[in-house]
Amino acid sequence: MIANDDTQLLQRLLAGEQRAYKELVSTYQSPMRAVAYAIVGSRHADEVVQDAWLSVVRNLSGFQGRSSLKTWLLTITANAAKGRYKQNRREVLLDDLPAPHGTLGDDRFAADGHWLLAPFAWHQDTPEALLTESELRDCLEHTLLSLSELQGSVLTLRERQGLELEEICNLLDISLSNVRVLLHRARLKVFATVEHFEETGEC
Amino acid sequence: MLTCKEQVARSSDYLDGQLSFRERLMVRHHLMFCPNCRRFIRQMKLMQATLRKLPEPPVPDLDHLAEKLAADRRRHSR
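Chains as they are written, first to last, in my numbering: chain A, 1 to 203; chain B, 1001 to 1078.
Please note: incorrect hints may appear among the correct ones.
To be verified - Quick partial rundown of chain B residues pointing at chain A, CB under 10 Å, derived from the structure:
(1) Lys-1005
(2) Leu-1051
(3) Pro-1055
(4) Glu-1067
What the hints assert, rightly or not - Chain A regions said to be covered by chain B (calculated; three or more residues, Cβ under 8 Å):
(5) 16 to 30
(6) 109 to 118
(7) 129 to 139
(8) 159 to 167
(9) 178 to 187
FYI, nobody ran anything at the bench for these hints, they're computed from the structure.
Ideal placement from N, C-alpha and C gives every residue a C-beta, glycine not left out.
I would like the entire structure built from these sequences, with the hints used as guidance.
In structure tokens form, the structure reads like this:
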């Protein structure tokens, strides 16, 4: 069954209403780009997203609502990416490492595995309060861009888009254990960024 | 009992519900006795929530793209 919001938007899209396309693009371009970015890298991600949009428009009448609109759009994007650039995947995947998946810098812990340098208490305790500092917002954007393509995409799809781990595996054709490692490493880097900012006021 | 370092290594799996029942109990047990690790997990969750709230950069050329797609659709359905 199609979710109600999807149904209404779909009718307007089918009718070719420009405002509906504006809504669609501003909502879904970012996760679509994350999927493309993970599969083909930054150089070709924009082309793939363009291709995906064209394919979405052509196939819109065939959308059955068996999945959410979001899942459908991301699947089209993943297929566009894989079809064109499967050979070009630039990042070598990790072996399927057994959990657990690594930690903050080793210098944070004593030889017995306890904290040597305990987590610094952040000054703010809500996302809204943290994000009022424009330097921190810039710093977070900077850190997200500095992650590897797969790490950045997996983090975006999970944290910003709320996808389930299994959905990410299916879209990107990577194993669950890979997704878990990528996500964990990406989170620790972002964590370290916020912690450093809270401690020093610098990025 | 897990060490703090082992707890940190399992933190994402803990937050994503990917641990086995036994491992989840081990993490919970550790957190019960370790304020530093409780702070770590609390701040990991805050970091997650902050990423969720971080505004997405605007789509470049949004109006142009929307106009093109809408026109394509109208042409396609004719």
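Exercise. Among all the numbered hints in the text so far, which are the ones the structure does not match?
Worked result: Failing hints: none at all.
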